[in-house]
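Chains D and U, in that order, give the protein sequences. Counting in our numbering, the first sequence runs from 1 upward without gaps. Counting in our numbering, the second sequence runs from 1 upward without gaps.
If you're looking for bench data, these hints aren't it; they were derived computationally from the structure. This structure is a prediction, so every number in the text was calculated from the model and none was measured. Even for Gly, the Cβ is constructed at its ideal location relative to N, Cα and C.
Chain D residues, not near chain U, derived (Cβ > 10 angstroms throughout):
| id | residue |
| --- | --- |
| 1 | 31 |
| 2 | 68 |
| 3 | 166 |
| 4 | 186 |
| 5 | 194 |
| 6 | 197 |
| 7 | 233 |
| 8 | 270 |
| 9 | 322 |
| 10 | 323 |
| 11 | 329 |
| 12 | 333 |
| 13 | 343 |
| 14 | 353 |
Over the 10 angstroms line for every Cβ pair with chain U, so calculated as not near, a few chain D residues:
| id | residue |
| --- | --- |
| 15 | 7 |
| 16 | 85 |
| 17 | 206 |
| 18 | 229 |
| 19 | 273 |
| 20 | 278 |
| 21 | 351 |
| 22 | 423 |
Rough simulated footprint, nothing fancy, chain D against chain U, three-plus residues with beta-carbon under 8 angstroms:
| id | segment |
| --- | --- |
| 23 | 23 to 29 |
| 24 | 63 to 69 |
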Amino acid sequence: MSAPASVSCDVLVVGAGPAGLAAAGAAAGAGCRVVVLDDNPGPGGQLWRGAVSSHERVAAPWLAALEHPAVRLIAGARVFARTAPGTALAETADGAFAVHHARAVLCPGARELFVPFPGWTLPGVSGAGGLSALVKSGTAVAGQRVVVAGSGPLLFAVARELKRHGARVLLIAEQAPRARVMRFAASLFAWPAKLADAAAHRAALLGTPYRLGTWPVEARGGDSSLAVRLTNGRREWDVACDRLACAFGLVANTEPARLFGCAIGGGVVAVDARQETTAPGVFAAGEAAGLAGLDAALAEGVIAGLAAAEGHAHGADGATETGLPAPVLRDRTRARAFGRAMAQAFALRDDLRALARPDTVVCRCEDVAHAALAGQPGWRAARLRTRCGMGPCQGRVCGAATEFLFGWGVDSVRPPVVPVRLDSLSAAGEIPPAGVEGPTR
Amino acid sequence: MSGRVTLTVDGRAIGVAAGASVAAAIAAAGIAVFRHSVTGAGRGPLCGMGICHECRVTIDGEPHRLACQTACAEGMRVETAASGAPAVASRGPGPAPRRDSR
Numbered sequence: 001m002s003a004p005a006s007v008s009c010d011v012l013v014v015g016a017g018p019a020g021l022a023a024a025g026a027a028a029g030a031g032c033r034v035v036v037l038d039d040n041p042g043p044g045g046q047l048w049r050g051a052v053s054s055h056e057r058v059a060a061p062w063l064a065a066l067e068h069p070a071v072r073l074i075a076g077a078r079v080f081a082r083t084a085p086g087t088a089l090a091e092t093a094d095g096a097f098a099v100h101h102a103r104a105v106l107c108p109g110a111r112e113l114f115v116p117f118p119g120w121t122l123p124g125v126s127g128a129g130g131l132s133a134l135v136k137s138g139t140a141v142a143g144q145r146v147v148v149a150g151s152g153p154l155l156f157a158v159a160r161e162l163k164r165h166g167a168r169v170l171l172i173a174e175q176a177p178r179a180r181v182m183r184f185a186a187s188l189f190a191w192p193a194k195l196a197d198a199a200a201h202r203a204a205l206l207g208t209p210y211r212l213g214t215w216p217v218e219a220r221g222g223d224s225s226l227a228v229r230l231t232n233g234r235r236e237w238d239v240a241c242d243r244l245a246c247a248f249g250l251v252a253n254t255e256p257a258r259l260f261g262c263a264i265g266g267g268v269v270a271v272d273a274r275q276e277t278t279a280p281g282v283f284a285a286g287e288a289a290g291l292a293g294l295d296a297a298l299a300e301g302v303i304a305g306l307a308a309a310e311g312h313a314h315g316a317d318g319a320t321e322t323g324l325p326a327p328v329l330r331d332r333t334r335a336r337a338f339g340r341a342m343a344q345a346f347a348l349r350d351d352l353r354a355l356a357r358p359d360t361v362v363c364r365c366e367d368v369a370h371a372a373l374a375g376q377p378g379w380r381a382a383r384l385r386t387r388c389g390m391g392p393c394q395g396r397v398c399g400a401a402t403e404f405l406f407g408w409g410v411d412s413v414r415p416p417v418v419p420v421r422l423d424s425l426s427a428a429g430e431i432p433p434a435g436v437e438g439p440t441r
Numbered sequence: 001m002s003g004r005v006t007l008t009v010d011g012r013a014i015g016v017a018a019g020a021s022v023a024a025a026i027a028a029a030g031i032a033v034f035r036h037s038v039t040g041a042g043r044g045p046l047c048g049m050g051i052c053h054e055c056r057v058t059i060d061g062e063p064h065r066l067a068c069q070t071a072c073a074e075g076m077r078v079e080t081a082a083s084g085a086p087a088v089a090s091r092g093p094g095p096a097p098r099r100d101s102r
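Please build the complete structure, drawing on both the sequences and the hints.
Here it is as structure tokens:
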């Protein structure tokens with residue numbers, strides 16, 4: 001397998017998760033040649049990673065988009081720069097290549113928010129979605145004792161996945177207070193499919209304690225076992241386990257959109273009614289454009305794919321829904337309402353901002369402790385003075401963490417937006433930073 | 001997906017299902033510490049999806065590969081922190097590290 005030096009298409013789709021697959025299928029169905037790039041080894045995104053059996057029935061019709069003769073998937077490819085409108089650069093294990101495109105649909109999904117607490121850097125402590133992704137890629141958890149903590153319905157989905165793979169889920173700790181979760185549960189009658197999901201989760205997890213208003217305050221231990229200290233605000237207790245999986249919510253992956261010159265609003269890529277961003281001909285769909293879950297991602301993907309295929313000039317009637325299928329527009333509206341209800345119900349409590357101690361590492365790449373950051377005026381100053389966010393993850397973990405802890409905003413990205421090999425950079429030629437970020441001094 | 005793949009992790013032969021990630025093979029070898037941080041702390045996978053770079057290992061002699069995003073291949077050589085690789089990653093250009101311990 002060798003990566004091509006350059007490929008051309010009508011529509012470039014970044015991300016082969018639910019939104020990207022929906023966009024690719026819609027654009028190809030409308031007669032476009034489509035190239036789909038994804039940095040994972042295979043399609044499906046984090047949810048459908050490896051088209052695992054539990055999701056196969058739902059995923060199959062969307063994965064079928066990749067069978068369309070006009071759709072080409074290049075997996076294991078990370079977009080790292082955009083040299084000009086219509087030219088994106090990506091790297092695979094085989095080298096760098098350019099994708100020339102008329103329009104682009106960005107569906108890079110979301111990552112987990114990691115809240116720093118004492119012991120969160122220990123091996124065995126991971127994201128809950130992270131552990132789920134590892135398990136879907138073959139990591140064995142059979143017989144292991146796992147505590148799942150954090151917030152939201154993802155806790156159930158992950159616990160179920162772990163149990164299916166033979167793990168002993170000792171406890172699910174939900175940080176949201178009981179009253180809020182109960183109100184949310186009652187509101188599920190507005191989304192019957194979600195109610196059915198919730199019921200199925202509960203049934204599959206009978207016998208697994210679900211503690212509301214409970215969160216982790218510390219993890220201790222060595223290489224092979226952990227002690228997790230939990231609290232419900234009144235008392236603290238320890239649970240011995242092999243793994244602690246934490247889900248504190250999601251952060252939109254906005255880096256590709258920033259690279260393409262799109263405006264960001266409220267932490268997500270700003271889009272109009274046709275999913276077009278502020279950059280002409282560049283569309284966005286899915287978690288990166290709104291953190292509203294699977295159903296929203298699929299509807300937005302279809303809309304973005306159709307709109308990109310149509311190729312309306314930006315600004316003409318670009319902000320109207322004319323010509324888009326009404327059922328998909330309705331699906332999007334309903335799904336986004338669900339996303340908002342979920343965000344409200346599972347908003348993080350302030351107690352979580354007080355977990356880190358002065359010596360708790362916040363930037364894991366550069367081992368920058370909380371004490372070194374607490375006095376800094378903002379993200380940029382912290383970067384320059386402490387190296388926070390200067391490591392290989394380029395602030396993807398500590399940027400969101402410091403936003404949560406200190407209210408800082410990560411205001412810019414610069415290419416290459418992921419670490420690449422020097423020969424990829426030289427193959428790409430000089431990458432102009434113009435239009436990506438302002439002066440840095 | 002069927003069949004098995006054999007690779008070495010820190011010199012030890014490990015068999016995994018075809019399609020499994022390098023991270024899965026390292027876990028199967030009983031290794032929790034994938035790399036050492038810049039101050040020498042043991043680290044393992046955090047995000048599982050190619051974001052955090054905590055799972056970087058050396059694969060077939062190439063350092064800083066992401067174990068969670070790389071599929072195992074027959075005969076692959078994987079080296080983790082335990083193999084005696086340098087604990088401190090080489091640094092790129094930039095301001096010198098300053099660690100205030102106020």
